[in-house]
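Protein chains: 2
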Amino acid sequence: MINPHGGNLINRVLEDSAKENVLNEKEELFGIDVTLQRAKEIENIATGVYSPLEGFLNQNDLENVMNSKRLSNDLAWTIPIILDITTEEAKKISVGDIVRLSYANQFIASMEVEDKYTFNKEELAEKVYGTNDTHHPGVIETFNLKDTLLGGKINLVDPYESLYPRYHMSPAETRKSFEERGWKTIVGFQTRNVPHVGHEYVQKTALTFVDGLFINPVIGRKKSGDFKDDVIIETYRVLIDNYYLKERAMLAILQTEMRYAGPREAIFHAIIRKNYGCTHFILGRDHAGVSNFYPPYAAQEIFEKFPDLEISPLFFPSFFYCRTCGSSANDKTCPHAPSQNLECPDPEVRVEFSGTKLRDILLKGEKLPPELIRPEVADVILKWENPFV
Amino acid sequence: MINPHGGNLINRVLEDSAKENVLNEKEELFGIDVTLQRAKEIENIATGVYSPLEGFLNQNDLENVMNSKRLSNDLAWTIPIILDITTEEAKKISVGDIVRLSYANQFIASMEVEDKYTFNKEELAEKVYGTNDTHHPGVIETFNLKDTLLGGKINLVDPYESLYPRYHMSPAETRKSFEERGWKTIVGFQTRNVPHVGHEYVQKTALTFVDGLFINPVIGRKKSGDFKDDVIIETYRVLIDNYYLKERAMLAILQTEMRYAGPREAIFHAIIRKNYGCTHFILGRDHAGVSNFYPPYAAQEIFEKFPDLEISPLFFPSFFYCRTCGSSANDKTCPHAPSQNLECPDPEVRVEFSGTKLRDILLKGEKLPPELIRPEVADVILKWENPFV
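Those sequence lines, one after another, are chains A and B.
Just so you know, we're using this note's numbering here: the first sequence kicks off at 78 and counts up by one.
Just so you know, we're using this note's numbering here: the second sequence kicks off at 78 and counts up by one.
It is possible that part of the hints are untrue.
Copies of the same chain look alike in the list, so a pair counts if it works inside one copy or between any two.
To be verified - Within a straight-line C-alpha distance of at most 25 Å, the following computed PhoX-like cross-link-like pairs (lysine-lysine) qualify:
hint, residue 1, residue 2
1, Lys230, Lys409
2, Lys299, Lys168
3, Lys323, Lys253
4, Lys168, Lys382
5, Lys230, Lys96
6, Lys193, Lys409
7, Lys103, Lys444
8, Lys323, Lys198
9, Lys460, Lys169
Think of the hints as simulated: they come from the structure by calculation, not from any bench.
Throw the hints in and build the complete structure from the sequences for me.
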C-alpha cells in the first residue's frame, strides 16, 4: 500500500472522551460560522484527505505554497487550504485561542489558532491561478475572500452530513477496501463530468495496467454549466453497472470545490488520490483547466517538477471516436483526419469526445450519438429537465 | 537516445581496407560452411543487433547464460548465440586460428577462434527451454546441433543478401531514423504473425504513451503453421498504409529464427529492440511461447529479475473484441462474459483475438470477421493460396 503524502494518514477526528470535553466547553469558545465549502475542507483535513495538513495553513506555509509549490517542510503542496475571517472576527481572536467552527448552527470542529495574518489577494490569485483576470472563477473566489486568515490545527467534532453517504468514504476506508479487494495497484480518476465514451476509454486503458480503478468525482461547488452532482453520480452508477466489473471499479466522492487552477490543481488532485491509496493517477488534456487559461498539457508537464510525488501520473492525450478505425483514437494513432486527408471522404469520420459538445447537443435537444455516450448514460441525463448547475 | 545494451553499439563490419586484406588471404583460411540462420546471426552480431556480443559465445559465457541468464560480465543475456561445427571440422581448427565463414559459397565473415569446446545438448535444452520434450521446436533444434562449438569474435566481410532490402535496417540506421523523426520514446513490437485487430489495439495503446511505434517482425525460420514472411510483411504494409500515421509507425524486419523459448526469448527480444533504439517493449500473453510449455505470463514475470535492463517492458493481458462494449477489451475491463453472465444473452458477444482462431477460419475457408481482422489485411492474406509455412 502506498504511503499517504508525508508518510502518515492524518486523523484529527476527536475520540468520544475528547469530544465530550470540547462539547462541555463549547459555550466558552469564540465561534466562527464557516461556509459549506469550508466545512467540507475541515472534514477533508480531519480524515486525512489532505494529509499531511492538520489544519488551515499558517502564513509561512502559505507563502511557500505560493512561491515554491511546497510546504515549509518541502513536501509538495500546491493549493492554499485557508480559513478566511472578517476583520471584526479577527479583532476578537488571538494566537493561542481555541475557536469553535460551525456550519448551519452545527458545531463542526475546534481550531487551535497558531497564526492570524493578512494577505494580498492579487498576489495570491496571480500565484495560484497565474492570472488576475476576473473571468477566472478561482480569481473571483480569491477576491471574495474575507480579509484575514487563521492558521492552525483543527479537531473534528462532527462532520456535516453527506448528501451521498453511500459513496462517501474516508482515506482510511478506501485503503481498507482496496486491501480487501486485493488491489495492489490502483489508478485514480478525477472528474467533474458525466462519463462519455472517451472517459471510459481512458479509464479502461489505465485499468489494463493496474488492479483497480478508483472513480472519484468532485462533489461540491462548480462553475455554472457544469453537471449537477446528482447527475454525475447517477450516470457513473449506471455506467459501472453496465460496463464495468464490480470487482475492478469503485466509485466514491470527493467533497471539495473545483478551483480550476490547472497544473497546480493537478498536483493537488494527485496528492489527494495518493492519500486515498491510489498508486497511479490519470491526467488528460487540460486537467482542471477553464477556458484557455492554461496550455493544454501544462497540467501534465508540471509533474516533471515533482519527482518525489510517489503516485505515478498516467498522461493521456485528447481522444475521439474514429468511425474508420471503429474505435477510440487520438492524433498519434489515427490517420483519418477528415480535413487533412483527401482519401477519407466522410466528414463525419471523427466524433470528438467533448463535454462542451455533449452540453451543446443536450441544450439543442439533439440525439446523443452512441459513439459519444453510452445509451444507458444518456437515458439518465435525459431524465433531468436541467442537468446543469 | 537509449544506450545500446552494454553501452556501445557493436560494429564488426570490416572497413574497405581491412576487408581487402582478409579477402587477399581468404584462400589460406580454413573454411566453414554455415546455414542461412547462422549467416543471419553473423550479420546481427556484426551490425550490433546483438550488442554487446562481438562474436559467438565462449564456453564461459555460454555456461553463465545457461545458469544465470547473464554473460560472465554480468550483463543480461538469455539466449545462446553459438556456432556449431562437426567433429571433423573441429580437428582442423585450433584456438588462435582465423577461420572463414561462408554461406552458399559466399565468404561472409572471418572469425578469430578464442574457444573450442563440447557441450551437453540435454543440459542446454533443459536450461534454455525448460524441457527436453522433443515436441518443443527449440529442443529439436538443440539436439540437431553439431557436436563442437566455436567461440570468438567475428568480422563481417559481406552480409548475405536480404530478401526484403526495403525493410532491412541496422541498429545504426534505425537509431538515425528515430532521431530524424524526432522520436524520443519508441515502443518496439515483436511479431511473427499477421496483424489482427488485437495487435493493432495493443500497438496503438502503447503508442498513445510514446512518440513512435517500431514494428519489427521476425523474418526467418519459424515453425510449420506460422505465416510466411511475405504474408507478414505485406499485411503490415497494408495495415500501416490504411490505419497508421506514417510519421508515427515504422516497419523493419529482424532476421533471426524464432526459438520459442518463452521468458528467456522475451528478454532477448527486449535487448534486441533496445539495441535498435527502443525505450519500451510490448509483451503480451505467452510471448515467444509454443503449445503449453510456459505459463501464460511467465514471459512478463521474468522481467522482475532484470531491473537493470533499461528498456521498459509494457505488459498487456489477453484481449478480445466485445460487441457489447463495442471495443477491444480484456478480462479486467469487460463484464460481458457470455458464459458467466446471465444478463448477457448473446453467446457471440466476445470475438477472441487469436492467431490460432484466425488460422482455423482461413483453413476452413470461412469469412474473416472485421472485428478480428481489418478487411484490407484479410484481402492480402486471401491472395495467397497457402499463406502458411
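Item checked: Hint check against the structure, violated hint numbers in rising order -> 1, 2, 4, 6, 7, 8 and 9
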